[in-house]
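Visitor: Spelled out, the chains give:
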Amino acid sequence: MTPLLSLRNVSKSYPDGGREIPVLDSVWLEIEARASVGVYGTRRSGKSTLLRIAAGIELPDAGSVRFDGRELAAISAGERSRLLRGAIAFVCTEDWHAAPGERVVDHVAVPLGGAGLTMRVARRRALAVLEEVGVGVGASQELTAALSLAERMRVMLARALVREPRLLVLDEPALMPGIGERDRFYALLRAVACERRIALLVASEEIAALQGVGMLVSIADGELCSSARAATVVHLPRRPPAGAQRTRR
Amino acid sequence: MAAGNPEKTKWMRGPSTPLRGALLGLLLERPGHGGDLANRLAARLGETWRVDTNDVYRLLEQLEKTGLAVSRDEPKRSNHRRTHLVYHPTRAASGALSLWMETLLPREPVRLGLQAKLSVARPQDAQRLLVALRAYERECLVLAHLVHPADGEARSWPALCMECTRDAVYAQLQTEVDWAARTRRRINEYLQDSH
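Protein chains in written order, with the numbering used here: chain A, 180 to 428; chain B, 2 to 196.
Read the hints as simulated data drawn from the structure, not as lab findings.
Per label pair, the in silico range of CB-to-CB distance:
#, chain 1, residue 1, chain 2, residue 2, range
1, A, Glu-310, B, Thr-176, 38 to 46 Å
2, A, Leu-328, B, Arg-51, 41 to 49 Å
3, A, Leu-328, B, Tyr-191, 37 to 45 Å
Glycine included, every Cβ here is placed at the ideal spot set by N, Cα and C.
Using the sequences provided together with the hints, build the complete structure.
Guide: Structure, rendered in structure tokens:
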């Protein structure tokens, strides 16, 4: 089976003073459709670089990154950007940008505007996805500025899901004040990925936050170490774990 | 990675293998009597190991029985009229230590086994250690992967305790993964600098 995403022999370095620091060193990783992979690494271990390269936001210095059989380096920046607005969704906790005075539902609906939908249809879809991630109708009308970090993560997830991606890439979504909130968010994430049959690539500084993924990978000094013998994938269970869904506000 | 000939790995059986391996490494560095080796072992492994001198004598006898050490009565430095038993490595000892470095570790207590190897490793063991550390890191990831995930709905006291237990496992494994990665980095940096 052709993997949905494959990184083959991928290397990436960043300049540090007069020398190059390797962040990824001949990394191999394959993710099949509907699979889930968790990347564990300490701060500055290279996991964010790995995720950005996997999502096509950055290109590697060497090696091949293919999504759905297409070599990302061979397509234009515009096409890569379209991929990022469609088949690949990238969510990073630190990338939260909401317009002042924006309502939650509009924040989630806005990306659909580019897809040619009217705002009314886009809002309807946004409401459905918000409901799916546990943000009720009342909360969806609130201002984004009023959201807690945990609520913001659910809204970011909804904004990513509304475009119906095939691969969801999340960088450090565990930075929540409460452990219970974190666990609930991850249970929701696994359930949503399973129900929607999308592949999941998620990175965290905490192994505990990556529980339930099909494959666990650690990254250090540019190298990957995998819980699987080959760096490929175990499928998510067909049914979501019991009690994994939604909390209501 | 693992050794093949069962005769050659016979001495590695049992829970005391890490200490036996470390003792063998110390013997290869320098022969010594039981008390001396017990002191050197305690200094090398640290207080957490609680090295018992009687255990050291027992382990040295085991090494002698398996043909990796030989003991001789030799005069004491402090009093030449008195003797004590000094242990020396045999010709088979160096190969046996290399084999131990390459041998997969049991699940428990894995870290202790690796630590024992690190405590007496020779420069030529660097690659073996890197392989062992990588295997250990992978083992920790596999164990973390086997933990049944929380469903995020813990509300009862038993469920909370279960989650805390699960968290303890994750915390321990994360520490181990970090330690293995850090140790590999140290060895790699040493290898780079020495070339």
